[in-house]
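Asks: With chain A held as given, fit chain B onto it using these hints.
First to last, the sequence lines map onto chains A and B. 1 is the number of the first residue of the first sequence in UniProt numbering; add one for each residue after it. 1 is the number of the first residue of the second sequence in UniProt numbering; add one for each residue after it.
For the record, the hints were derived by calculation from the structure and aren't laboratory data. What you were told as hints is all true, and nothing was included just to trick you.
Note that identical chains are pooled: a pair holds if it fits in a single copy or bridges any two copies.
Simulated crosslink set (SDA-like; lysine to any residue; CA at most 20 Å straight-line):
hint : residue 1 : residue 2
1    : Lys408    : Glu374
2    : Lys324    : Arg558
3    : Lys400    : Asn144
4    : Lys324    : Ala556
5    : Lys324    : Glu559
6    : Lys30     : Trp76
7    : Lys18     : Asn62
8    : Lys324    : Leu299
9    : Lys101    : Ile338
10   : Lys30     : Arg132
11   : Lys400    : Arg141
12   : Lys324    : Ala367
Spelled out from the first residue to the last, the chains are:
2 protein chains.
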Amino acid sequence: MNATTVPVTTTALPASRKVHTSGVLHPDIKVPMRAITLHPSAREPDVFVYDSSGPYTDPRVNISIEQGLPRIRERWIRARNDVESSSSVKFPTRHAPLRAKAGAAVTQLAYARAGIITPEMEFVAIRENVGRSRAVPANGRDGNSWGANVPEYVTPEFVRSEIAAGRAIIPANINHPESEPMIIGRNFLVKINANIGNSAVTSSMAEEVDKMVWAIRWGADTVMDLSTGRNIHNIREWILRNAPVPIGTVPIYQALEKVDGVAEALTWEIFRDTLIEQAEQGVDYFTIHAGVRLQYIPLTANRVTGIVSRGGSIMAKWCLAHHKESFLYEHFEEICDICRAYDVSFSLGDGLRPGSIADANDAAQFAELRTLGELTKIAWSRDCQVMIEGPGHVPMHKIKENMDEQLKHCSEAPFYTLGPLTTDIAPGYDHITSAIGAAMIGWFGTAMLCYVTPKEHLGLPNRDDVKTGVITYKIAAHAADLAKGHPGARDRDDAISRARFDFRWEDQFNLSLDPDTACAFHDETMPREAHKLAHFCSMCGPKFCSMRISHEVQAAARESGMNEMALKFRERGEIYIDPAQPEASAS
Amino acid sequence: MNATTVPVTTTALPASRKVHTSGVLHPDIKVPMRAITLHPSAREPDVFVYDSSGPYTDPRVNISIEQGLPRIRERWIRARNDVESSSSVKFPTRHAPLRAKAGAAVTQLAYARAGIITPEMEFVAIRENVGRSRAVPANGRDGNSWGANVPEYVTPEFVRSEIAAGRAIIPANINHPESEPMIIGRNFLVKINANIGNSAVTSSMAEEVDKMVWAIRWGADTVMDLSTGRNIHNIREWILRNAPVPIGTVPIYQALEKVDGVAEALTWEIFRDTLIEQAEQGVDYFTIHAGVRLQYIPLTANRVTGIVSRGGSIMAKWCLAHHKESFLYEHFEEICDICRAYDVSFSLGDGLRPGSIADANDAAQFAELRTLGELTKIAWSRDCQVMIEGPGHVPMHKIKENMDEQLKHCSEAPFYTLGPLTTDIAPGYDHITSAIGAAMIGWFGTAMLCYVTPKEHLGLPNRDDVKTGVITYKIAAHAADLAKGHPGARDRDDAISRARFDFRWEDQFNLSLDPDTACAFHDETMPREAHKLAHFCSMCGPKFCSMRISHEVQAAARESGMNEMALKFRERGEIYIDPAQPEASAS
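Excised from the complex, chain A in its bound form (with noise of 0.2 Å):
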């Protein structure tokens, strides 16, 4: 049921039903996912999956926008008994904002490092081992991981083991209680972000949540608002209060808004109190351009393409406006004091990131990624959690590079990429030039791949490019939890495989991450509904049909019987190979 003047997608994804399993350390976390259920004929059990699509998605669920949703972790951040109602409430808000009591460190990672596993821990363990239980035996491990140390299986201890090293982050602000806890590292499932938001140009409020809605529909682990316009804070706070997953932002965009957008105009006073308004608010993650150092800014003036990050641009033109070093950067301790009290983790901002194939993996770039690393140690020492972005447009063969460096350099904190672009000439298809790199950054090691909408370069993205941005980052995800070897990932690529084989069409759109467009595009050559029975389709038609025949050939292989074939090969002195039936060859 959708009870909401704003009108955003509920419904089920077709033969898709939400179950939850509970904690055992926490009995009160209901984990969601979403089984799929196959034709009786298959005779397989229900498909389980991921399931970053929140309430909404189920349809026992009685939505709105206007009530926002259920607080789930409401009641694990009070039980820790660490935080208290903020007094600096300057917006009417139902839920007065809690922060850290003085001095306590609310972050899961303050947690980790004392040996705690929070219901959130727990929480992302059982949802990371979906069909891990039953892959492994299965399957085995096949896969090259590149040094990740992917286990077997997550148990809620590995997940408090890994935030406290650093490597993994759980974006969870105190103040976003809404939120179904999700993981970032490379030892876990590789996510993905969807950026939506406003811009002066254009766009509402109402459009914003439902891309919200419809991007966490297709898939998306994390959203990043990012508008510009008028009314920021308020359309931030429609998104918080129905957002499932974290919720991130570029703090600085909002800071701008209030100097009427003049970079000069900044300063540290404005830019702290917008982080302590969005923090209250609930925001997840903050990207912060505090790697935009003055001394870097001449390295990018001879690039093809200059500064290509919006934060990072107006952080270069406050530097050189004032002479001075980046606010950012002299001021980080104070924003790690912030993050601490509310659980914001830190995305650094990589605001020198290269915006051609010319400019890649240049001195600017990995001048500013050590700075990076060298702010992931003083958010450490402060319990706060981080994690790193990265490029942008690189070419395939410096794609490695990029991750050694990060790794190198930032000590293993998670990386978050944009793309990367392996190419510049195809604007319109940059979802698809990014895939390529994001595929393949995500296999050497990247935790979160920062999607791109067709409508990269060109404008900003609509109902439609959210939804194909979204599927092509997932596609990108999960090739890359393939070749990493990630247990039980290929679960669904053998079952939508057999349905492929065994002409269960419905099955096939059912497993598929985009269930309508598979099955509007077979409708389209094969309306009828009796042609998704058929043992063929259009490409081929019945007689050229390669799985049709293949039936026919194993058929006829296992009648005619192997052990005659065998014998006749044995007779004519060649070799017969025949797997299938290891018995055969000793008769």
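Replies: Quick look at chain B alone, frame taken from chain A:
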């Protein structure tokens, strides 16, 4: 002008004109290229790009599908004085088919071995050099070619030597003189193929001709006609007479039509006659699944998706039904003799390629690959040009092994792969799942990438799907060229990036792989003409445009003087990095 009753898309691409370069050894050859003119404010010369689109994009040419294209190679072929008119003309046609004089080998490989540089060879040398002479000094070499020997500049002699070594092919049937020669080899630009063709279920001759013209408009280097329905011969005739690119087929499809779809009823004689029929029509390369040997078939019995190649499954069925070795394998020398008399190149089919992640790199696939290597040597011994087809469905971590095994077992004959798809879970988006694999295997050394459209696994591609598939594969091929460090490849990236940074919107569109889509996407949110000059776009709006700010940063840096800044830093004992003005640091 388009005076035909079969509607195909003519007209030039935006801001583009067709230019031709003449040969030196063969002054009468005219090699087409596309010149893209930039806005005067760019103060840059035209950008030249490889052009596979034939006369259709030349407004000076009067296109008539009923007449067919000019037979540009006819003089070259006749001048060699080694062909004669064939007596076996079975169908009314305006041009009597040619074949080699008795005993003569009319293949490019035979000429190359004899030390002859044909017009075809000089043609492709000129074609491959687009952008090279300018590029090398400007950008230098930057890439990892994985052992490929990509020269600074392609000479006709280099082309000859690569063909003589079997490392490259020019598919150029003597009965397809309409074709503009192109080369397929690891040391040349990565090429792409588009599949078209009707099936028993759908589509007509006019649709297929239109798809062929449409595919090459967007960059397909070769086109395979995979028609399987009635009327195969006639559709192929229309396609060939109007195709400026090499046309490939899978002759077993037509042979199977001749026996009413009953695989067991196929005979060597029917197949042989089909080869001759198609060779006389002018088909440039044949996919022959001669590596599907009887003894390998049981290796597929336990696969998740069995045999997914149509040709492979047909031959497997034949072998099992007769309990005999494949007639393609047994008559391979005779097939070579036919190919030798018309210069039909082999595309040795991978009938046992994996159709799912589960089946990748398995015993069946690699057993067949070794047989393809054996057949390559036989074909070479008879002066036939050869390339090797490859998978299919392969997770990222198993892609390199495919390339390495192919190079090893097939003696560096060009590799021609379908994708590979890096996951099975995204029907409807398999252009993307496969572009990831295609870009990677192209980088590793695959010479030609067979496109996959969004309709893969679901239906026959329509016009839109063909375009999406071609553009997607141009991206993959170009990303591979960049990563290999192909001289000149980065020219186009740099030109479009400069246009982007300078807010030359029209140039950005015109330089892109798909100007129509780029422009349409931009206009969705900023439709007015004035916005084409805007120094921002709807993504960020004017205040947040990083590129605009970056220009201000660069201007400010130059105005305030790097000198002054450098001095200031030096006074404070900090390193001030200023590669932009190296002389400044000495001042």
